[in-house]
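In order, the protein sequences belong to chains V and G.
With my numbering applied, the first sequence covers 1 to 169.
With my numbering applied, the second sequence covers 170 to 442.
Misleading hints may appear alongside valid ones.
[Stated by the list, open to error] In silico lysine-lysine, DSS-like type, Cα no more than 25 Å apart, as pairs: (1) G:Lys252 with G:Lys341; (2) V:Lys144 with G:Lys350; (3) V:Lys144 with G:Lys341; (4) V:Lys48 with G:Lys181; (5) G:Lys233 with G:Lys252.
In short, the hints are calculated from the structure, not lab data.
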Amino acid sequence: MNKTTFINTVRFILLILLQVIIFNNINFLGYINPYIYILFIIFFPFDKDNRILFLFFSFLLGLSIDIFCDSGGVHAAACVCTAYCRPLMMRSVFGLSYDYHTIKIEKTHFGQRVNYLIILILTHHFILFSLEIFSFAHILLILKKTIFSAIFTLILCLIFISLFSRKSS
Amino acid sequence: MQQIVNFLIRNKTFITFLLLFSFSLFLIVQSHSYQKTKLLNSANWVSGGIYNSTNNISDYFHLKDYNKQLVEENLRLRKLLLKEGLNVNDSISYTDSLSSNYRLHQAAVIKNSYNLQRNYLVINKGSNDSIRQDMGVITSNGIVGIVENTSSNYANVQSVLNSLSEINASIKNTNNFGSLKWNGKDFNTVQLVDILRAAPIKKGDTIITGGMSSIFPKGILIGTIKDFSLDVSENYYLIDVELFNDMTTVDHVYVIENLDRNEIMNLENSIDE
Chain V
1 MNKTTFINTV RFILLILLQV IIFNNINFLG YINPYIYILF IIFFPFDKDN RILFLFFSFL
61 LGLSIDIFCD SGGVHAAACV CTAYCRPLMM RSVFGLSYDY HTIKIEKTHF GQRVNYLIIL
121 ILTHHFILFS LEIFSFAHIL LILKKTIFSA IFTLILCLIF ISLFSRKSS
Chain G
170 MQQIVNFLIR NKTFITFLLL FSFSLFLIVQ SHSYQKTKLL NSANWVSGGI YNSTNNISDY
230 FHLKDYNKQL VEENLRLRKL LLKEGLNVND SISYTDSLSS NYRLHQAAVI KNSYNLQRNY
290 LVINKGSNDS IRQDMGVITS NGIVGIVENT SSNYANVQSV LNSLSEINAS IKNTNNFGSL
350 KWNGKDFNTV QLVDILRAAP IKKGDTIITG GMSSIFPKGI LIGTIKDFSL DVSENYYLID
410 VELFNDMTTV DHVYVIENLD RNEIMNLENS IDE
């Protein structure tokens, strides 16, 4: 087992535990919870060759959260969608440098990083809440939950990224 | 043939995506149907164990509240006992109906949620403690939900704050009954529907469980009428009920076992056939 696999496995387990033990119980203003487990999707090494593996791990991540939350397959569906769309988002945000696939999220420009996170988080949250609420009559509730939770998630993700990234020399 | 294989290989990522996505959609749809043992629920030994150990820690921070709840319940029961001794005719139906056909088990909530559309709780008693599907769960203040899935040591409880939940309820001192649902908006208010327009209701009336199901005995407290309006057909009331129970802080609960349930179910099944 090489270093990247090890780090990703640890990250996978840690993020699930953090999410279900701490972040699912915040309930800020009654309904706002951050979903920081998508950091796994953000951090997963970019590689054109193992996209299927990436999809599969994202699915597993969502499914584990679903088991804890009793939400059927809502998180799994949102995770798989986000993972599938990730290359598209990266191409639109980072432009050409994506093709060098040595890109590290903590070494990107702050503006680009925020853009990338916003697109990814909004996609994930929108799919998540649409599937969870599952009714057009509640479209305002879906949008409200999406936006407020996304802001919370974004702030926490930025903090986590700057806390746990190694200092570039 | 060659072309089909080529097509599959070229689009393998997309096909994997579609497969995984449709599988999750299948799980969602399957979780929407009531009364089926779900494939995935948090009453398994991994998530149950994790929730149990975290609950062991977080329980310490709420000891004061639990004590207060217990003292309040004791006070209420003592008052009831005094009243019972003085005036036998004035007993509340709560004590009547809980006499012999029902057995109570105590349990602790180890996982609670109230901000989703379909909320579930996990309690630390399971089929080893003779908890079965379709038992009612209450606290000293009122109802909490219905047991939906059990594993050997944990059980999954469908909360009243669940858009799939439907509980028979009636207005105290009248015979009008309807069903209790939740519209997913506020975790303190649930909705009572199908109460006939002729029913005499006013704000502040108490809502209790009706005896029309074999899950809850008649007369368990639910809440008070907060607001009411007529529905589209103008024949039925749409009533907002404020719960007595604070669903955000439920911890120690009682599970009600109906000893006659099998008999009732057999009878109902024989009518269907």
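Each hint tested on the structure:
no.: 1; hint: G:Lys252 with G:Lys341; result: holds (20 Å)
no.: 2; hint: V:Lys144 with G:Lys350; result: holds (23 Å)
no.: 3; hint: V:Lys144 with G:Lys341; result: violated (37 Å)
no.: 4; hint: V:Lys48 with G:Lys181; result: holds (13 Å)
no.: 5; hint: G:Lys233 with G:Lys252; result: violated (29 Å)
The structure shown violates the earlier hints numbered 3, 5.
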